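Engineer: Each protein sequence line maps, in turn, to chains A and B. Residues 0 to 181, numbered by my numbering, are exactly what the first sequence covers, in order. Residues 5 to 183, numbered by my numbering, are exactly what the second sequence covers, in order.
Bear in mind the hints are in silico, worked out from the structure with no lab data behind them. If you're wondering where the values come from, they're calculated on a predicted model, not measured in any experiment. Think of the CB as a built atom: it goes at the ideal place given N, C-alpha and C, for glycine as much as any other residue.
Derived list of chain B stretches under chain A, where covered just means 3 residues or more per stretch with a C-beta under 8 angstroms from a C-beta of chain A:
#	region
1	123-134
2	170-182
Okay, the calculated bits of chain B under chain A, using three or more residues with CB under 8 angstroms as the criterion:
#	region
3	9-23
4	55-62
5	67-73
6	76-88
7	99-106
8	111-120
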Amino acid sequence: MSSPSVFEIFKAFVLVGASAFGGGGSAHIHNHIVTRRGWLSESEFLEGLSLSQLLPGPIFANFAAHIGMQLRGTRGAIAAFVGVCLPGMLAILVLSSAYFAVREFSSPVVTGALTGVAAGAVGISLATLARVAPPGLKSIGAPVIALTAFVANGVLHLPILWVLLVLLPLGIALNWNVKPDA
Amino acid sequence: MPDFFTVLLEFLRYGILSFGGGVAMLSEMSRSLVTERHWLTTREFTDGFALGQFVPGPNMLAMMFYGFRAAGLAGAFAGFLGMFLPGALASAALARVWERVKRSKWSWAIRAALLPIGLGLSMGGVLSLTRAAFSSLNLQTALIAGILTLLAAFLIYTKRFSTMLVILLTGLVGALLLH
Chain A
0 MSSPSVFEIF KAFVLVGASA FGGGGSAHIH NHIVTRRGWL SESEFLEGLS LSQLLPGPIF
60 ANFAAHIGMQ LRGTRGAIAA FVGVCLPGML AILVLSSAYF AVREFSSPVV TGALTGVAAG
120 AVGISLATLA RVAPPGLKSI GAPVIALTAF VANGVLHLPI LWVLLVLLPL GIALNWNVKP
180 DA
Chain B
5 MPDFFTVLLE FLRYGILSFG GGVAMLSEMS RSLVTERHWL TTREFTDGFA LGQFVPGPNM
65 LAMMFYGFRA AGLAGAFAGF LGMFLPGALA SAALARVWER VKRSKWSWAI RAALLPIGLG
125 LSMGGVLSLT RAAFSSLNLQ TALIAGILTL LAAFLIYTKR FSTMLVILLT GLVGALLLH
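The shape of chain A in the complex, shown without the other chains (with noise of 0.2 angstroms):
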């Protein structure tokens, strides 16, 4: 795979930025960039998926700003980041205006139109749950690390970094003298 310009990185994350509402970014990033795209692999997606949850700030951002920087360096860290965020700051900074001079913004249009993009987003966020998987679940012990994850983080509500302390080290004691065979 030949890496891409700075300039298409830029164009395909400000199509990421535009298209992904109702939250769960990470799948609009993979149908992007992987899927349509092929410029990452599904192990490092997920790879830099988690890398980017290690640190603090908003994870679709941190994201955006890991691919960037892997496909193109500084320069491709910024694209990807500014990219990714530009839509979206300038729809907040209309709405913001607007909100502050009109003060109500609910129609059941609207609303309508919330929900059904709220009920697509999870949708679109299963679709990359099930491409994900298989290589995510290749490891000694993945299952029940990846299942502990989720229902430490996801159904109890543990602060992220326990979870993150906790499992790491397990998972690497795990595959340890493992060798990778490709």
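Chain A is already provided as a structure; the job is to place chain B on it using the hints.
Structural biologist: Quick look at chain B alone, frame taken from chain A:
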């Protein structure tokens, strides 16, 4: 009205402390921005968060709304930079180091551990998205929304549609049927 740097410092605090994404910082933000500093009312705090969900991209763009309320346009950018810059800089730096670490022998064990953790955390993310999308719906709208979810999952999994098209489609169906 607070100046650019006061707002920047306040949001830098959130940007540096928000492990696991911005949502983890919401209760601290509400305490500080509403109760302590009076930059926002409670209503503005919730409305701003809803607007953050409404715009595309990272939902923490709600910080720009909070910053805008506190100090106008300069405040909006201070809110954005404070919340987003620490994590983005750290992520880019880690990505650069990672390329070197990746080639070492022991890095395979780290990757073998990171992949399932990322998968588990994503499952948790999907669960909270599902809760947010479905919790306020009645039976009929929940059924329609559920069908939309499955349809979206199918179209994306089989690579038939882009996410942009799916979002437009579900938004349109929602506007027509879900109220």
